[in-house]
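Novice: Chain by chain, the residues run as shown.
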Amino acid sequence: MSSSERLVTIIGGNCYEQSINRALGEDQEFVGQDPCDLGIFSFVVHWFGGALNGAAGSFPGGYYMAGQGSQLAFAILIFWFVNKQNKLDEEFGVAED
Amino acid sequence: MKLEGGFINNLSKVYGIYTLGFLGFVVLMAILEQAGVSADAIGWMFVGFTIFIYALIGVLSRTMESSEYYVAGREVPAVFNGMATAADWMSGASFIAMAGGIYLKGYPYMAFLVGWTGGYVLVASLLAPYLRKFGCYTVPDFIGTRYGGNLARFCAVVILVVASFTYVTAQITGTGIVASRALNIPFTVAVWIGLAGILFCSMLGGMKAVTWTQVAQYIVLIIAYLLPVFWMSNKFDYGLIPHFSQFDAVLRVQELEALHNVGALKPTPEAQAAAGKLAALTVGINDASDTLMAKWKFLTLVICMMAGTASLPHVLMRYFTTSSVRAARQSVGWSLVFICLLYLTAPALATFTKLSLLDPNLATGIIGKSIADVNSLEWVQKWSQVGFLKVFDGNGDGILQINEFFMKGDIVVLATPEIAGLPYVISGLVAAGGLAAAMSTADGLLLAIANALSHDLYYKIIDPKADTKTRLVVARILLLGVGAAGAFVAAQGLTGILGAVAWAFCFANSGLFFPLVLGVWWKRANRQGAVAGMIGGFGAGFWYLYMVQFGGMTPWLGLDGLRFGMIGMPVSLVLMIVVSLATEAPDEETMKMVDEIRIPKGKVVSDG
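Protein chains in written order, with the working numbering: chain A, 1 to 97; chain B, 1 to 608.
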């Protein structure tokens, strides 16, 4: 990875991890994961928007990711995250009755 | 007539009937149009009927109970809360301005789409469930209780008011634009009519009325946005579903852009002077530039819009109305689903409209046709008259080149039905949709402002002994006052919609993002740190915006006025951390409270 690419992935991932590290025990690692995935679809993918446009033949990849791909990824990400978080809450006995 | 109990359990049926009723109304208007009823009359009926319905819901939801006025009694189911949030969220910026922005500026403006959706992931994971558990009525309420003391609360109120007021004047402007076109009345008058409609929904029933009105408005706006795009995709023979067919259309548009010399052919100085603030198309739809600056600009716009989403009080407030922490989490997911229905469609709309205008093979294409022919088109005349577009023969050859057609981005949505040759009833529908979008957001914002002023400033700071009745009366008076101020500013016609909205986002994220996130996730964050973070971040951001926008300072690192959160946020973060660590830790009780917030089980931490 070039240094600028690495910088971008770090911004997406670790920055959130730092501030979340002080959270309650078992949630820590898990909650940090969600913003990391977020970082990938928000920043990393679009950094390469130009490259994506030429990637799969004539299909406009950069346009696709900004106009559809990332948005769908976010929606799926939220529901996946919510389900896992609820399961975690139940597992540790802190879910609502 | 009270609507609870029976109402909550019958939401699907009620809104199902409403949707069918609305579709029936659209069909009726189509029949009337065929029968020869004038376009103006149809416009009046669309606007009048929809505003009447919203006002009716507002009246039916009236309440004198504070938990209903502030948080809709906390009984809104996740899916419907998601719809209401989507309407609250999608304002004139999303409905009217965004497709136009993508049309004129191409790929870089799609950063708004990524930022405005990605922000919800932050809301779901970092904030919404925890604020709901906390049980506050407003965002300053959370800040004030979490950090203690009136100063922190007051700072949050100020930031909320500045950000929301900036945003709401843009919405009232949007309402005015749509109403003035649809009703054929002057903009300055339309603004006040729009305000009256907005206030009718929010004054009597507060959050309860606003929530149920927003669900109704969502249904109108999504039908209004989707229908023209589906129609165009099929009319131009690209395919049944525009979200899939748009990619072929993009490729065709890129061909046409090359054909018409988009980018190479810029307006002559004379032509631009005649066009004033209107713009010609000079940027390709999918020019994802490979320069570092272009990538950085995309990245920073995404960051600012995402963090702003997670800091805007009128958005966060929408999750206080759900029935549980789990419901709050799911509601964020549903919000995004309903928001995506529109956002996934915006690029398709921009693309198909561009196709309509640029493709000489289509009857609707105007670039390359004779200027006399173009000027004889009804929609060209109509929109020229109100200053939304201009045709100017820069090189005197009598033919319309791409650099001779100037437009305001907003017509991409508002005029598309006419541009694409769809029946006028669709234009009426789109006007109703734009109105629904702008009004629903304006309602949410006005409520956020008035509630913060009445609950946080008046009740918690000025007169903690005030009884419920007084508090609610104060809230309503403030709603009226702030609304009038917003309409007054909007009537001056100072702001463009997208720009003002971006500013609102940056005001919010500069001042509130880190105090909110660290308030939930970092026990050691204390009052002094929060106050320093809010004042410092907001101040730095405000200063930077002023210097770049009015003070003539060259932007640092290419960060223009849309991205000033990139200055405000780091300042806020650093100050919060440094000052918190430099002063004493919060007391035991506060630390325990922060732990409590993170656990869904148990009762709310604070209640009004």
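Any given hint might turn out to be false.
[What the hints assert, rightly or not] Simulated crosslink set (SDA-like; lysine to any residue; CA at most 25 angstroms straight-line):
| id | chain 1 | residue 1 | chain 2 | residue 2 |
| --- | --- | --- | --- | --- |
| 1 | A | K84 | B | G135 |
| 2 | B | K105 | A | W47 |
| 3 | B | K603 | A | I40 |
| 4 | B | K105 | B | F236 |
| 5 | B | K297 | A | K87 |
| 6 | B | K13 | B | G36 |
| 7 | A | K87 | B | K390 |
| 8 | B | K603 | A | N86 |
| 9 | A | K84 | B | R598 |
| 10 | B | K297 | A | A73 |
| 11 | B | K266 | B | H243 |
| 12 | B | K105 | B | G561 |
| 13 | B | K592 | A | E91 |
| 14 | B | K105 | B | N9 |
| 15 | B | K105 | A | V44 |
| 16 | B | K523 | A | E96 |
| 17 | B | K390 | B | T590 |
| 18 | B | K523 | B | S324 |
| 19 | B | K235 | B | F49 |
| 20 | B | K277 | B | F49 |
| 21 | B | K297 | A | L88 |
| 22 | B | K592 | A | A73 |
| 23 | A | K87 | B | G561 |
| 24 | B | K390 | B | G263 |
| 25 | B | K603 | A | E96 |
| 26 | B | K592 | A | V44 |
| 27 | B | K382 | B | K297 |
| 28 | B | K382 | B | F392 |
| 29 | A | K87 | B | V26 |
| 30 | A | K84 | B | K390 |
| 31 | B | K297 | A | E96 |
| 32 | B | K603 | A | Y64 |
| 33 | B | K277 | B | K13 |
| 34 | A | K87 | B | K382 |
Everything labelled a hint here was simulated from the structure, so no lab data went into it. None of the values given here were measured: they were computed from a predicted structure.
Novice: Which numbered hints turn out to be false for this structure?
Specialist: Those not satisfied are hints 3, 5, 6, 7, 11, 14, 17, 19, 20, 21, 22, 23, 26, 27, 29, 30, 31, 32, 33, 34.
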